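Using the sequences and the hints, build the whole thing.
Take a look at the letters that make up each chain.
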Amino acid sequence: MSEFFAMGGYGQYLWPAFALGFGIVILNVVLALNSLANAKQEARRRLEIPQ
Amino acid sequence: MAAWTWFHRLGSPPHVFAFARRWTPWFGGFAAVAMLIALYGGLVLAPADYQQKDAFRMVYVHAPTAWLSLMIYSTMAVAAAVGLIWRMKVAHAAAAACAPIGAWFTVAALGTGMLWGKPMWGAYWVWDPRLTAELVLLFLYIGYMGLRAGIEDPAKADKASAVLAVVGIVNVPIIKFSVDWWNSLHQTATVMRMGKPTMDGDMLWPLLLMFVAFASYFIAILLIRLRAELLRRERNASWIREVLS
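Residue numbers (our numbering), protein chains in the order written: chain A, 21 to 71; chain B, 317 to 561.
In case anyone wonders, no lab produced these hints; they're calculated from the structure.
There's no promise every hint is true.
Below, computed lysine-lysine pairings styled on DSS-like, alpha-carbon distance capped at 30 Å [said to hold, decoys possible]:
hint, chain 1, residue 1, chain 2, residue 2
1, B, Lys369, A, Lys60
2, B, Lys475, A, Lys60
3, B, Lys492, B, Lys369
4, B, Lys475, B, Lys369
5, B, Lys405, B, Lys472
6, B, Lys434, B, Lys492
7, B, Lys405, B, Lys475
8, A, Lys60, B, Lys472
9, B, Lys475, B, Lys492
Computed list of chain B residues with no C-beta within reach of chain A, every gap over 12 Å [claimed, not checked]:
hint, residue
10, His324
11, Ser328
12, Trp339
13, Phe346
14, Gln368
15, Trp420
16, Ile458
17, Val483
18, Leu524
19, Arg543
20, Glu545
21, Leu546
These figures come from a predicted structure and were not determined experimentally.
Just so you know, even glycine gets a beta-carbon here, dropped at the ideal spot from N, CA and C.
Structure representation (structure tokens):
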């Protein structure tokens, strides 16, 4: 298992790269959902639709 | 006739909104499963490279993010062009929805590339044609969003930003072919090249699956952001009352 995480000595570069890449994948899900929730709330307010 | 009806529906915000809501979970769900399988294939099943050893596994995060940064820009430019030519509001909304996603994936491509560059080239950053052009791509995305944010009238913002997006598309082939046109430190194309990929099948399938997963993921995120854009743009539309109440 520790051999897997060492990645032949490249682990110190490899894992941060995967964390960054897939961190941005997850972050974009959160940002998109937030943006939709805000737009819904704003449209409800603008059109005076009850919550 | 069918094609015309389809195109007409594509311009109808309530139709697009309903379509986006229905399909987001399918594209998102498929992307999540495919990403996990591709990660297992790339990190566990694929053998180490004979030259780069285990560092080659960077490809499974770097190549899909870099490819997505270009694909999103192309999608944005095409949507912007459609918006300019046919004055289609939904197309402008789609272009605007693309920009933040594309900017983030350009950051991912640059960051993962730096982490791959350090052990392979000895430096996090070099002013190489491929890297420099990718950095220009980030500035194009930021410029596009800045321009939109700076113009208050939505119709004017759509038009001005669409022109920038369309003109900026020249950077996409520059990034793609930079490794062939100039003496680049960056390696040349392994998969998306004329002829067969220069990669063993055991290494190739997780990468191809990762590309498909990222494409599906992008569609899911784009559909969520497109819904948000449509809600913000439509004023007093009765369909919004229907979908929100």
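Consistency of the hints with the structure:
A C-alpha spacing of about 49 Å is found between Lys369 (chain B) and Lys60 (chain A), which places the hinted pair above 30 Å, so the restraint is violated. With a C-alpha separation of about 25 Å, the suggested pairing of Lys475 (chain B) with Lys60 (chain A) holds against the 30 Å cut-off. About 25 Å separates the Cα atoms of Lys492 (chain B) and Lys369 (chain B), which keeps this hinted pair within 30 Å; it holds. With a CA separation close to 49 Å, the supplied pair Lys475 (chain B) and Lys369 (chain B) exceeds the 30 Å bound.
As the CA atoms of Lys405 (chain B) and Lys472 (chain B) are separated by approximately 12 Å, the hinted pair is consistent with the 30 Å bound. With a CA separation close to 22 Å, the supplied pair Lys434 (chain B) and Lys492 (chain B) stays within the 30 Å bound. Among the hinted pairs, Lys405 (chain B) with Lys475 (chain B) is consistent with the structure: their alpha-carbon atoms are about 11 Å apart, no more than 30 Å. A distance of roughly 24 Å separates the Cα atoms of Lys60 (chain A) and Lys472 (chain B); the hinted pair therefore holds under the 30 Å criterion.
Between Lys475 (chain B) and Lys492 (chain B) the CA atoms are separated by roughly 27 Å; this keeps the pair inside 30 Å, and the hint holds. Every Cβ of chain A is farther than 12 Å from the Cβ of His324 (chain B); the closest lies at roughly 24 Å, confirming the non-interface assignment. Under the 12 Å C-beta cut-off, the non-interface status given to Ser328 (chain B) relative to chain A holds; the minimum distance is some 18 Å. Non-interface status of Trp339 (chain B) relative to chain A is upheld: no Cβ of that chain comes within 12 Å, the nearest being about 14 Å off.
Every CB of chain A lies more than 12 Å from the CB of Phe346 (chain B), the least distance being 14 Å, so the non-interface label holds. Non-interface call for Gln368 (chain B) relative to chain A: violated, since the shortest CB-CB distance, roughly 9 Å, does not exceed 12 Å. Once the 12 Å rule is applied to beta carbons, Trp420 (chain B) is inconsistent with being away from chain A; the minimum gap is 5 Å. Against chain A, the non-interface label of Ile458 (chain B) holds: every CB pair exceeds 12 Å, the least being about 16 Å.
The claim that Val483 (chain B) lies off the interface holds: its Cβ sits roughly 26 Å from the closest Cβ of chain A, which is beyond the 12 Å cut-off. Against the 12 Å criterion, Leu524 (chain B) stays outside the reach of chain A, whose nearest CB is about 17 Å from its own CB. Not every C-beta of chain A lies more than 12 Å from that of Arg543 (chain B), the closest at about 6 Å, which undercuts listing it as non-interface. The claim that Glu545 (chain B) is not at the interface with chain A is violated, since a C-beta of that chain comes within 12 Å of its own (minimum 8 Å).
With a cut of 12 Å on Cβ distances, Leu546 (chain B) falls inside the contact zone with chain A, its closest approach being about 8 Å.
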